[in-house]
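J.: As a plain string of letters, each chain reads:
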Amino acid sequence: MLELSAIWKPETQQQLFRALLNAMARPGSRESNVIPADGEAIGLPVLAVLVDAAVTLADPHQLLRKSDWSLLQAAEKSADTADYIFCDGNRAPEFSPKLGTLTGPEQSATLIVSVSGLNSVTTRLKLKGPGIAESTTLVIDGLDPAWIHAREDWVCEFPLGVDLILVSETQLAAIPRTTNVEVL
Amino acid sequence: MSSVQSFGYLDEYAKKEVRRSALKAVAIPGYQVPYSSREMPMGRGFGTGGLQLTLSLIGSQETLKVIDQGSDDSVNAVNLRSFIEMTCPGIDTTTKTAEASLIQSRHRIPEQPLREDQIIVLQVPYPDPLVLVEPSEDKRKQMHGEMDYSRLLVKLYEDMVRFDEITISHRYPTRINGQYVLDPSPIPRWDVPKMNHSNALILFGAGREKKIYAVPPYTDAEPLVFSDVPFRVEDFSDASGGRRACRICGCRSSFLDEYSDSRTGETVYQCSDADWCEELSQSTEKPAGVSNA
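Protein sequence lines, in the order shown, are assigned to chains A and B. 79 is the number that this note's numbering gives to position 79 of the first sequence; each next residue is one higher, with no gaps. Take any residue in the second sequence, count from 1 to its spot, add 1000: that is its number in this note's numbering.
Only true hints are included.
Distance windows between CB atoms, simulated:
(1) A/T81 - B/G1090: 37 to 47 Å
(2) B/R1243 - A/S120: 52 to 62 Å
(3) B/G1090 - A/S120: 31 to 41 Å
(4) B/T1264 - A/F158: 53 to 63 Å
Going by beta-carbon spacing under 8 Å, a handful of chain A positions derived as facing chain B:
(5) L50
(6) T103
(7) I132
(8) T178
Just so you know, the hints here were simulated from the structure itself, not pulled from any lab data. As the structure is a prediction and not an experimental result, all values here were calculated from the model. By construction, the Cβ of each residue, glycine as well, lies at the ideal position given by its N, Cα and C atoms.
If we strip away everything but chain A, and leave its shape as in the complex, we get (with noise of 0.2 Å):
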């Protein structure tokens, strides 16, 4: 019989959910209710909350495991046009995400970066923004530097933009496109 990780079972999902909706409520803020996947790509739990059927997802960075997408259920798309976007923060993006039209700014990418940790610091960021009382700081680690000059061009016209989920083995936080974001 199949038995299935526990990032498929609901209740999995709902906690991990919660932890999503307050790391995008509070930009910065390290959550720990990832539950790392048993040999699984790391941010294959965040996946597992977001994507179905009713979503496209690009895997460019081939993160992914063919067993992966057929429990995920979404269509394959390019990182150009889908509607999440999994990737390795190693490696420099090399693709520009959909960012939504004016009329309509929730038709942009979100993406899922896995990161090697929230802990210890390679990069340092000052954030700033709606949801964060004066500012606070993230530190990455593993996580390429183009990555915040990419995002900078992204999200230069609000409410057109992407929104980041950085995911560590253990931990996640977020990065909306209303974040000031300052290199320290």
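Chain A is fixed; fit chain B onto it per the hints.
T.: Quick look at chain B alone, frame taken from chain A:
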């Protein structure tokens, strides 16, 4: 209830749809995200939008509070609460604002300031403030996209010309993060300032109109006004200029409901927020209350 019924009534696909939309709503503060609102076993207009959000958020560890116009005991609140209890076995419910992790509300934000670890879900009948001035949804979407609220401001101006007062009593159009203007659901003006830099995340669900939107914590929420006409909340002064007090707890700093005493015919006032009133009635030391006005 049959045991095959999934936790939270909605199937997992419906929850995913609501969850995706809620995340987008938080990421684009004040923007109405369209979603595929499901049929619920109650009429649209009875809080199905708020209910779908609650059911997609709730987990078995939750402590839930459901209120309708500030009361835990009115028909809408009781029915929604019992439906959620029935479909979400294991959750706790409470009437105490301080104890709740998730609050679903119709037409009020509790008097007691909310905390960071709480989320409030408001039921919304009409999500778009521009519906007052533009009947076509296509055009309204474009106006929102261009942040064009001039016609809404003209409507406020016309009120000033005719009545010397902006006559919107509830659903006061509020600009979020200096960008989108939203309809904060039929909360009284009294509650509008509570959305500004709130500690708690505020989510809005409109089931019939199929929209979800949000005000993230620590976000500017400014009611639309003119620079020389400041926003003001309801005035509870009596004829002599004194602040009316709740007849039960004596609070002089809460939003009051006006009733007519059926025996004496006298007009009486009491707190709209039932939990606030009860907490104050029970505490021996009466605090001055939160400042709001």
